[in-house]
Each structure stands twice: as C-alpha cells, then as structure tokens.
Amino acid sequence: MTVRAHLIALGIVALTLTALALGYHNAFILNLVFAGLIFAVLGQSWNWISGYAGQISFGHALFFGCGAYASALFAARHGSPWLALPAGAAVAAILALLVGFPCFALRGHYFSIATIAVAAIAEIAATNLAALGKANGFEMPILAPGIATLQFSDKGHYVLVALALFVFAQLATLGLERSRLGFYLRAIRLNQEAAASVGVDARAAKLTTYAACGALAALAGSLYAQQALYVGPEDTLGLPISIAIALVGVVGGLSTVWGPALGALVYVALARYGGALLGGQGHGLDLLLYGGLILVIVSWRPDGLAGIGRSIRRALERREARAAP
Amino acid sequence: MDVGPLPQLVVSGILTGLLFALISVGLTLIFGVMDVVNFAHGEFLMLAMYATFGATLIGINPILAVPVVAIVMFFLGAVVYRVLIRRLLAGPPSAVVFGTFGLLVFLQGAAQYLFTSDYRSIPNLPFQGTLHFGAVNLGEAQLVAGLGALLMTALVFAFVEYTEPGRALRALSEDRVAAQLMGIDVQGMNALAFGLGIACVGAAGALLMLTYQAYPRIGTEFALTAFVVVALGGFGSVQGALVGALLVGLVEVLGGFYISPALKMIPVYLLYLLVVLVRPQGLLGRR
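First to last, the protein sequences are chains A and B.
Numbering-wise, my numbering puts 176 at position 176 of the first sequence, and it's gapless, one number per residue.
Plus 1000 on top of the position in the second sequence (first one is 1) and you've got my numbering.
A short, non-exhaustive set of chain A residues, derived as facing chain B with CB atoms under 8 Å: (1) P102; (2) A105; (3) L106; (4) H109; (5) N128; (6) L239; (7) V250; (8) H283; (9) G284; (10) L287; (11) G291.
Pair by pair, the computed Cβ-Cβ distance ranges are: (12) P1261(B) / L143(A): 35 to 41 Å; (13) L1125(B) / F28(A): 44 to 50 Å; (14) P1165(B) / N26(A): 55 to 61 Å.
Read the hints as simulated data drawn from the structure, not as lab findings.
The beta-carbon is built from N, C-alpha and C at its ideal position, and this holds for glycine as well.
Whenever a hint applies, use it, and build me the whole structure from the sequences.
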C-alpha cells in the first residue's frame, strides 16, 4: 500500500468510528469498540519491537500496567489524568530502557522468557505492595465528567479519546516504516550480525524502539484505567494480558501497519462479543472459539490475516491483468 | 549447631524440583529435537490431570493411572504433531510460537467449557500418612510423587541415551541435516519426540494429582516455571533441565519460607535473569 492509500484507509476508519461514537448510544457496543481500539494500540506497540525488530516479548502487560497504575495513583491523590498520561509513559519508557539494556544481549527465547520474568516480578510486587493497592487494586474516584478529568458519562467520548491514540499509533507506524530506524529494525530482525557489520547500532536501535513501545502501551493503559475506573494486578499486569497483546499482534500479521488493528478486531469480535453472546465470559466458549480460530489461521496462513489479505489482493491483480487486453 | 527447618526445606525443595524436572525434560526434549518451544506444555499437564481424575472416578488406582495416562498422552502428542506442529514448522519461526499459543488458548477454553472452573481432586486420596526421618517430616503423597517423577525422568533419560531411536533423537538435535543424510526419518522422529515430551508432562500431571487439584488454568502456573527451568538450564539440554529444576525447586521452597510465600517466585525469576545475563545460553546450553 502507498502512503496515500494508508492515509485514506485511516481517514475512513477514523470518520466511521467518530460517527459511531457520536451517533450510536449502545453502551455495550461502544465499550467493545473502545476495547478494540486499546488492543489495536497495544498490538501496534508490541508490533514495533516484536514484529519490525523481531524481539518477541511476552511481557508487554508490564507497560500497559504501568500506565494504568499511573492513572490510578494520580486519581487517588486528586491529580489530573493529563499529568498521569505523560508520567506513566515516562516511567514505562524508563522501565523499558532498564529491562532492555541487559536483556537485549539475550537472543530468541531467552529474551522472551526474560520479558515474562520481569512482568511476573512486577505483578507479584503490585499484588504485595501496599502503595500499589495490593491484590485488591484501586477503585478510582468518580469525578465530574469532562475533558479535564478524562471521565465521561457518554461512552462514545471514551471511544473518541482512544481513537485519537489509535490514529497517532498508526501514523507513528507509517513514519517508522519509512524512517532510518525502521530500516535498521528490519535489518536486525533478518540478521543482526550482518546489520552490525554495515554499521547499524543494534542495541541502540532496539532500546529506542523498546522505550517508545513502553510509552505507547502505557498511554493505552492510562486510557483503559480512566474508562474501567478500576486497576488491579491481574487485569493489567498478568500473563494472560501479555499473551492477549501478543496474539493480537500476530493474528493480524507481524510487521504490517494494519495487522494489529485487524487482530484487535478479531479478538474483540470473537473473544469478547462472541463470548457475551454465547452466555458470558468464564464459560470458556469464547476462548475455545478464539483459540480455534488462531489454530486455523496459523496452520492455513502462518503470516496471519494480513497475509491472507495480500493473497487476495494478488489474486485480484492477476485477474485484472488477465482481463486487460 | 541448630540448622532449624533447613533439612526439611531442602528435602521438600528437591521433591518439588523432581516434578519440575519431569515437566521440563519433556519441554526441552521437544525443543532440542525440533526447535519448538511448546507454549501449550502446561495445558497438556492440565489435560493429564483431568484424565487422571477421570480414571480414578471409574475406579482405576491413581498409581496405576500414571503409566496409562502417560501412554495416552504419548499418542495425543504424536497426533498433535502430525496434525498441527508439522504444518507450523513449514512456516516462519513465529508461526510455531503462535500456533502453540493458540493451542494453549484453545485447550484452556475447552477445559473451562467442558469441565467448568471448579477444582477437582481424586476421591479417597491414597498415601495420606506422614513419614518421620529424624527432623524431617514427609507427606507420603509428596514422597511418592517425587520418586515417581525421578523414576520417569530416569526412564526417559535411559531411552534417549541407550536406545537406537534415542540415538537418532540426539543426532537430530545435534545436526539435523547430517542426521537426515544418514537416513533418519525426521518426521517420524519429530512425532516420537513430541509424543515423548507430552508423555513426560502427562506422567507429571498424573503424579501431581496426588497432591494437587485440577482446574483449567493450572497449566499456566506450572508451564511458566518449566520455561524458566528450561531456559535456566539451557534450551535443549536434558541435564540442564534436571539441574535447573532442582535449583528452582530449592529456591522456591527456601524463598517461600525465609522471605514470604506470596513472594516465593521473585527469587526464582531473579535467579533466571542473573544466570542468563552472565551466561546467555543458560547453565548447560550450547551457543
């Protein structure tokens, strides 16, 4: 896709969702759209480090939780969520640097397991530290709704805020794909030694990206907390969240601009909406369907939904070429 | 000198470690032969626990259930290899990771749907007594589970070390192309390794039913520890998995006692991070 095509697609998505947010008042559907946008942003953040740079992380909930806890802590002390957003993002970026600096020396699965270990330590810490609300987490105070408190009585407004972050993440990814850093990352994924031999500073490139990932995921976490008004260790730092983020990133297709959004759509449609229709979560049918779909996709097209999309587009192009005289 | 509860903790840690060892040997065997990290490993443990529970419901003795469940899980593993893993190996490396994650979500969902989230334990549990060795008190069930795991681990080790198919497995993990040139049937051996790996975790699940309860999410808990054990020992190294499992068992039990039960996993994760930062290939892994 050309940049123009990407921007047109993004414009269409943004306009449709804005219309939906302002004109449609079904709270259940709007909450699903909100969750979809948050997961699309989280998947995109994961895609930067694990897709483009090829460093598979299973601990992305660490950054999501960082943002969520920042919002909760600021709210508990009557601070503005507008300060919580940059604060959470900054802490997440610093954490990413602290984790990445030693761990990027590890390759392959050793790195992935290290990310699990770090996120698990954070979850245990949050479950046991009084300052972080222990296992109960935080109930956030309900404030006067409005843009200043980032709390809204209209669910559609949450969608608009998440949509703004989603548009930002998509634009940033488009920029990344075309930047020097983007080329570095793909070179590192394909062959780190070869990349280093032509002067790519692999560690610096990975660290920069990881810090940006952390900040983006934290912003998503802050918005999630503002909407859920509750933050707990399992819901924000747990391994299932990390796995959900990674699956969203891969179902749609790794290292593609729209892959995470597609993955989030499938995740929300099947695991959340499907689960609710089939008698609520907790019965396992939602997971059964979602897991089954992943198995079908991955054994049919290992490169995800975006790969299937590519095949369809190619087939159409071939047909057009044949139809042309 | 009074050593307090230390001997008790060490014995308890070793017995826990032996169960981790059996789970981890299965994981590392699969990795060594076909470069696959089976993220659904814990879910096979969960399935084996439910299978053991079912077997005891129809009146099979829980100890007799261990080999039965292990054999059933062997065939299940071989079928999963043929149907799923083989396809994934043809794709990019990420396909295997996400295929096995998909399997994890699928099996967990299936268990939750079919068996509900209730905790299940074997009715009329055997081995309820306690043995006394000086200052050390041991639950009989814990001792039987630990020794059973040791026996199974030794059997698998002997198979890999001293039999013809075992030699073929080792050849594959050392140099796949050369092994293939020597006429080793890669697909057949991969299926054997996957089956064996799942049989190990199956036997571990059956033994765990002596001291634990089955529920749909129990797999994740144990699998997480098994990943740390395998990576700590070095991916693909059976001896490494053994050393790693005993270390993790000891650190977990000692940490749980001297620090706090709620924080017992923190020293385990820190141990992993420390070891791989000094030796990025794990304790006994190859670069």
